[in-house]
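Now that you have both chains on their own, put them together as the hints suggest.
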Amino acid sequence: MIYLDNAATSWPKPPEVLKAMTDSLERSGGNPGRSGHRLSIEAAMVVYETREEIASFFNSGDSMGVIFTSNATHALNLAIYGTLRPGDRVVTTSMEHNSVMRPLRDLEKKGVGLKVVPCARDGTLDLSEMAKAITPGTRLVVSVFASNVVGTIMPIAEIASIAHKAGALLLVDAAQAAGALPIDMQEMGIDLLAFTGHKALLGAPGSGGLVVRSGVDTSGITPLMRGGTGSQSELEEHPHFLPDKFESGTPNLVGIASLQAGIRWLKQRGIDAIRWQEKELTHELLEGLCNIPGTKTYGTLDPERCVAIVSFTAEGKTVSEIGLRLDEEHDVLVRVGLHCAPAAHRTIGSFPQGTVRLAPGAFTTRDEVHAAVKAIATVVSS
Amino acid sequence: MNYGIVLFHTTASAMQAQKLLTKAGLKGKLVPTPRQFSSDCGIALRFDWEQREQVESSLKSGKVDIAAVHRL
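Protein sequence lines, in the order shown, are assigned to chains A and B. At position 182 of the first sequence (counting the first as 1) the number is 182 in this note's numbering, and the numbers step up by one without a gap. At position 19 of the second sequence (counting the first as 1) the number is 19 in this note's numbering, and the numbers step up by one without a gap.
Isolated chain B (complex conformation) (with noise of 0.2 Å):
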C-alpha cells in the first residue's frame, strides 16, 4: 500500500483532521509521527496517497493548520 502522511503543528489538528477524514468518508490513520521527518508534533495522520487531492482539499476545507505533507 502507498501511503502519505500529513504532520501538524499541535494533537488538537491532528484530531480534527481525523475527524474531518472520518467525516467525508475518506481512509485516515492517527499514528506516532514518522521519525525520518522533523515532526512539529508526535502524532501525524496516514492516509492512501491514491486519496491525496480528497484528502488534502477536505482538510483544507475544514480549515486544518498543516505543517506538512509527506509520501511515506
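The shape of chain A in the complex, shown without the other chains (with noise of 0.2 Å):
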C-alpha cells in the first residue's frame, strides 16, 4: 500500500510515538494537575514537558503561551472568536480552509467587518493587496502558512509587518506547515500560532494547541470555554492566567503526549533533513505528472515555495473516479474533492470539482512516489 494522505493525516507514526502513548497510560495515569499524588504528578509533567518542547519548537519564547486543543481548528476557533467583536476588522486570504472560514462568515453576520484578499491562481499571496487591506484599526488577520490544497508557502513574516504598522494581531494556521518547515514565531513575529498533532508532528489525532508568542497582550482575548483548571479552586469564576484561562477540563494526554514524541523524532531526525527529502518527492511527483497527457498540476509547481503537496486533475475523468480506482486497483491512497476549502479551489480554478491531492510524509520513499505516479497514468489512460 502506498500512503499519499498526509496532508490529511500522517501514518504511520514512529514507533516511539506508540510507545509515549501507552507509557502515558501505564506509567502516568494520573490526571494532571488536578489531584497531586504521584501518578498526578507525573502526568502534569508529561504535559509540561510538552509544553517546553512545543514552545522551543516553535521559538514562541514562553511556555506558558502553550494552549493544548484538540485540533487545529478547536486552536483557530479559540483565536478568532476570542479575539473579534461586533465592529472589528478582520483581513484573511482566499486560500483559506473552512477552519478558518467558516468562524470569519459566522463573526461576518454577526457585524464583524471581514476582507478576504483574493491570491492568485497559483495560489501565491500579493503583499500589496494584503498591505491596502490591512488599514488601520484592523484587530486581527488570519492566514494560512501553507495551503492545504497546493501547498502555497505563504510570506508570514512579511504578514506579520504590515499586520503590525496597523496595529493587528497576526494569526497564522499551520496545521500543514508545523512539523514540514522550520517556524521561528519570534524571527517571523507570528502572535498566535494554531497547529495539529496529527499531521507533520506525526503524533495522534485530537492533540494540537494555540501558541502564543512571548509578550503578546492577551487580556483581550476570551476563552472558548470556561471550567475546571486545578486553580483558584475557590473560585466560581475562571482564572485569567495562561495557560489556565484557554485550558478547561482534563486534557488529552494520550494525544501530548503523543505530540512529545513525534516532536522529539522530528528533532532528532533533523526537520531540515526531512524537508530536503519532501521537496525531492514534491519534484519529483510534479516532474512525472507533467509527462501524463491530458493531467493539469495545481499550484506554484516549485518544490521550493510548497509543502509536500501535488493537486492535480484529468481530463475526461472525475476526481472520485480517480482516487476510487487508485486505492481499489493500485494500492494508492490519495484524497480527492475540496478538502474543506472550496475558497483555495475557486482560487486556483478547480471548483467545484476539486483535485486529486498527492502528500507524501517523512516516510514515504522515492520508489513508492515512481508506483504512484504510473498508477496515475494508467487510471488516467484508460
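No lab work stands behind these hints: they were computed from the structure. Where a beta carbon is used, it is the ideal one built from N, C-alpha and C, also for glycine. Take the hints with a grain of salt, since some may be wrong.
Just a few of them, taken from the derived set where beta-carbon distance is under 10 Å, the chain A residues facing chain B [said to hold, decoys possible]:
id, residue
1, S40
2, S161
3, G230
Structure representation (C-alpha cells):
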C-alpha cells in the first residue's frame, strides 16, 4: 500500500510515538495537575514538558503560552472567537481552509467586518493587496502558513510586519506547516500559531494547540470554554492567567504525550533533512504528472515554494473515479474533492469539481512516488 | 524536618519549578497544597526551609510565576 494522504493525517507514526502513548496510560495515568499524588504529578510533568518542547520548537519564547486544544480547528476557533467583537475588522486570504473561513463568515453575519484578499491562481499572495486590505484599526489578520490544497507557502514574516504596523494581531494556521517547515514565531512575528498534532508533527489525532508568542497581550482574548483548571478552585470565576485561562477540563494526556514524542522524533531526524526529502518527492511527483497527457497540475509547481502537497485533475475523469481506482486497483491512497477549502479551490480554478491531492510524508520513499505516478498514468489513460 | 512551601497560580508553573530545582541539585517535592493556605493551584512545592535562599533564587532566575512562599 502506498499512503499519499499525509496532509489529511500522517501515517504511519514513528514507533516512539506509539510507545509514548502507551506509556502515558501505563506509567503516568493520573489526571494531570488535579490530584497531587505521584501519578497525577507524573502526568502533569508530561504535559508541562510537552509545553516546553512546543515553545522551543516554534521559538515562541514562553511555555505558559502553549495552549493545548483538540486540533487546529479548535485552536483557530479559540483565537478567532476570542479576539473578534462586532465592529472589529479582520483580514484573511482566499486560500484559507474552512476552519478559518467558517468562523469568519459566521462572525461577518454578527457584525465583524471581513476582507478576503484574493490570491493568484497558483495560490500565492500579492503583498501589496494585503497591505491595502490591512487598514489601521484592523484587529486581526488570519493567514494559512501553507495551503492544504496546493501546498503554497505564504510570506508570513512580511504579512506579520504589515499587520503589526497597523496594530493588528497575526494568527497563523499552521496545520500543514507545523513539522514540515521550520517555524520561528519570534523571528517571523507570528502572534498566535494554531497547529494540529496528527499531521507533520506525527502525533495522534485529537492533539493540537494554540501557541501565544511571548509578549502578546491576551487580556482582550476571551476563552472559548470555562471550567475546571486545577487552579483557584475556591473561586467560581474562571482564572485569567495562562495557560489555564484557555484550557479547561481534563487534557488529552495520550495525545499530548504523542505530540512530545513526535516532536522529539522530528528533532532527532532533523526538520531540514525531512524538508529536503519532501522537496525531492514533490519534485518527482510534479515531474511525473507533467509527463502524463491530459493531466493538469495546480499551484506554484515549485517544490521550494510549497510543502509536500500536489493537486491535479485529469481530462475526462472525475476526481472521485481517479481516487477510487487508485485505491482499489493500485493500493494508492489519496484524497480527492474540495479538501474542506472551497475558497482555495475557487482561487486555483478547480471549484466545484475539486482535485486529486497527493501528499507524501516523512516515511514516503522515492520508489513509492514512482509507483504512484505509474498508477496515475494507468488510471488516467484507461 | 523544617519545610517551606511554594504556592503557584497554575500547575504548569509547579512543574516548571520542580524541574528547575532538580536541575539545580536542590531538594523539592510536589505535594497537594496544604489546606491551611488559600491556594491558587492544587499542587505546591515543598522544600527544605534551610535551602530557602537557594530555592527562591533558583525559581527567580527561571522566571517562575510564584503565588506565595510559606513556612510549614
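Handout entry: List of violated hint numbers, smallest to largest
Key = 2
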